[in-house]
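Colleague: Read top to bottom, the protein sequences are chains A and B. For the first sequence, the numbering used here gives the first residue as 1, with consecutive numbering after it. For the second sequence, the numbering used here gives the first residue as 1, with consecutive numbering after it.
Don't read these hints as lab results, they were simulated from the structure. Check each hint, because a few of them may be wrong.
[Unchecked claim] The following residues of chain A were derived to be distant from chain B, with all beta-carbon distances above 12 Å:
hint, residue
1, GLN13
2, ARG16
3, SER17
4, THR28
5, SER30
6, ASN31
7, LYS43
8, ASN74
9, TYR80
10, SER88
11, ARG103
12, VAL104
13, THR115
[What the hints assert, rightly or not] Quick look at which bits of chain B chain A covers, simulated, 3 or more residues with Cβ under 8 Å:
hint, segment
14, 43-53
15, 94-103
[Claimed, not checked] Listed next, with one range per pair, are the computed distances between beta-carbon atoms:
hint, chain 1, residue 1, chain 2, residue 2, range
16, B, ARG82, A, THR63, 38 to 48 Å
17, A, GLN13, B, ARG82, 49 to 59 Å
18, B, HIS31, A, SER55, 19 to 29 Å
Note that CB positions come from ideal geometry on N, CA and C, so glycine has one too.
In case you want the letters, here they are:
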Amino acid sequence: EVQLVESGGGLVQPGRSLKLSCVASGFTFSNYGMNWIRQAPGKGLEWVAYISSGSSYIYYAETVKGRFTISRDNAKNTLYLQMTSLRSEDTALYYCARERTGRVFDYWGQGVMVTVSS
Amino acid sequence: DVVLTQTPVSLLISLGGQASISCRSSQSLVHSNGNTYLHWYLQKPGQSPQLLIYQVSNRFSGIPDRFSGSGSGTDFTLKISRVEPEDLGVYYCLQRTHNPYTFGAGTKLELK
C-alpha cells in the first residue's frame with residue numbers, strides 16, 4: 001500500500017524557516033518524481049515544487065522560487081521542503097504527492113499544517 | 001501561466017442525478033509529445049485530494065465508470081452519472097502540460 005506521511009509543520013514567525021519531510025513507503029521511492037502542493041485555509045490547491053526521481057530536474061512555483069528548496073534522499077525514502085523567509089501567505093496545509101507516468105499526481109499524503117504568524 | 005477556469009463554481013445535484021463540470025484552459029494543453037496532461041481530482045471534506053481521471057479520459061484504479069472525462073485542446077469536461085453521497089466534495093482539474101502546473105479553482109458538488 002502506497003503511503004506518504006508528512007511532518008515538520010507548525011507555527012512559525014514571519015521571516016523564519018521550517019523544513020517539511022515526507023516519508024514514503026509501499027513503493028520504490030527512487031523510481032518516482034515527487035511534488036509539494038499546498039492549500040491555504042478554505043482555498044484551492046496550489047502546486048509548489050517538483051523534483052524528478054534522481055533529482056536532476058527541479059521546478060518551483062514563482063511564489064516560492066528563491067525561498068523554498070525541494071530535495072530528496074532516496075536511501076531514506078524521504079522528500080523534503082526547506083522553507084525560508086516565510087510569509088503569512090505561506091500559511092497552508094502542505095501535501096506531498098507522488099507523480100507517476102503520465103505526469104499525474106496519483107497518491108497524496110494527509111498533509112501537514114504550516115502557520116506563519118507573529 | 002496557464003489559467004484553468006472551472007464552471008460552475010458549485011453544483012446542486014439530486015442523488016441519482018448527473019453532474020457536468022467544465023474546465024477551460026487559457027492555452028492548449030496538448031504537449032509537444034502529443035499527450036494532453038489534464039487530470040481531475042476530488043477532495044472530499046476533510047480529506048486529501050484523490051485522483052479520478054488522468055490524461056483527459058482515463059479512470060484511475062478503483063474509480064467507478066460513473067465518472068468519465070472528455071475533451072481536447074482547451075476544453076474539458078468531467079461527467080458524473082448516478083450521483084451518490086460519496087461523490088460530494090470539491091472537484092479540481094489540473095494541467096501538467098506547461099510549467100508551472102496549475103489547478104482550476106474547484107467546483108463544489110452538493111446534494112439538493
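Colleague: Hint by hint, say whether it matches the structure.
Modeller: A quick look at each hint next to the structure:
Non-interface status of GLN13 of chain A relative to chain B is upheld: no Cβ of that chain comes within 12 Å, the nearest being about 28 Å off. Look at ARG16 of chain A: its CB is around 25 Å from the nearest CB on chain B, clear of 12 Å, so calling it non-interface holds up. Against the 12 Å criterion, SER17 of chain A stays outside the reach of chain B, whose nearest CB is about 23 Å from its own CB. Once the 12 Å rule is applied to beta carbons, THR28 of chain A is consistent with being away from chain B; the minimum gap is 18 Å.
Non-interface call for SER30 of chain A relative to chain B: holds, since the shortest CB-CB distance, roughly 21 Å, exceeds 12 Å. At the 12 Å boundary, the C-beta of ASN31 of chain A stays outside the reach of chain B, the nearest C-beta of that chain being 18 Å off. Look at LYS43 of chain A: its CB is around 9 Å from the nearest CB on chain B, not clear of 12 Å, so calling it non-interface is violated. Residue placement check: ASN74 of chain A keeps its beta carbon more than 12 Å from all beta carbons of chain B (closest about 22 Å).
Its beta-carbon lying about 19 Å from the closest one in chain B, TYR80 of chain A satisfies the requirement of being farther than 12 Å from that chain. Look at SER88 of chain A: its CB is around 21 Å from the nearest CB on chain B, clear of 12 Å, so calling it non-interface holds up. Not every C-beta of chain B lies more than 12 Å from that of ARG103 of chain A, the closest at about 4 Å, which undercuts listing it as non-interface. A beta-carbon of chain B comes within 12 Å of the beta-carbon of VAL104 of chain A; the shortest separation is about 4 Å.
A cut-off of 12 Å between C-beta atoms confirms that THR115 of chain A is not in contact with chain B; the least separation is 18 Å. Look at the segment 43-53 of chain B against chain A: 5 of its residues bring a Cβ nearer than 8 Å to a Cβ of that chain, three or more, so the hint holds. Three residues within the 8 Å Cβ limit are the bar, and the segment 94-103 of chain B against chain A gives 8, so the coverage statement holds. At roughly 40 Å, the beta carbons of ARG82 of chain B and THR63 of chain A sit within the given window of 38 to 48 Å.
Between GLN13 of chain A and ARG82 of chain B the Cβ separation comes to about 50 Å, which falls inside the hinted range of 49 to 59 Å. For the hinted restraint 19 to 29 Å between HIS31 of chain B and SER55 of chain A, the CB-CB distance of approximately 23 Å keeps it satisfied.
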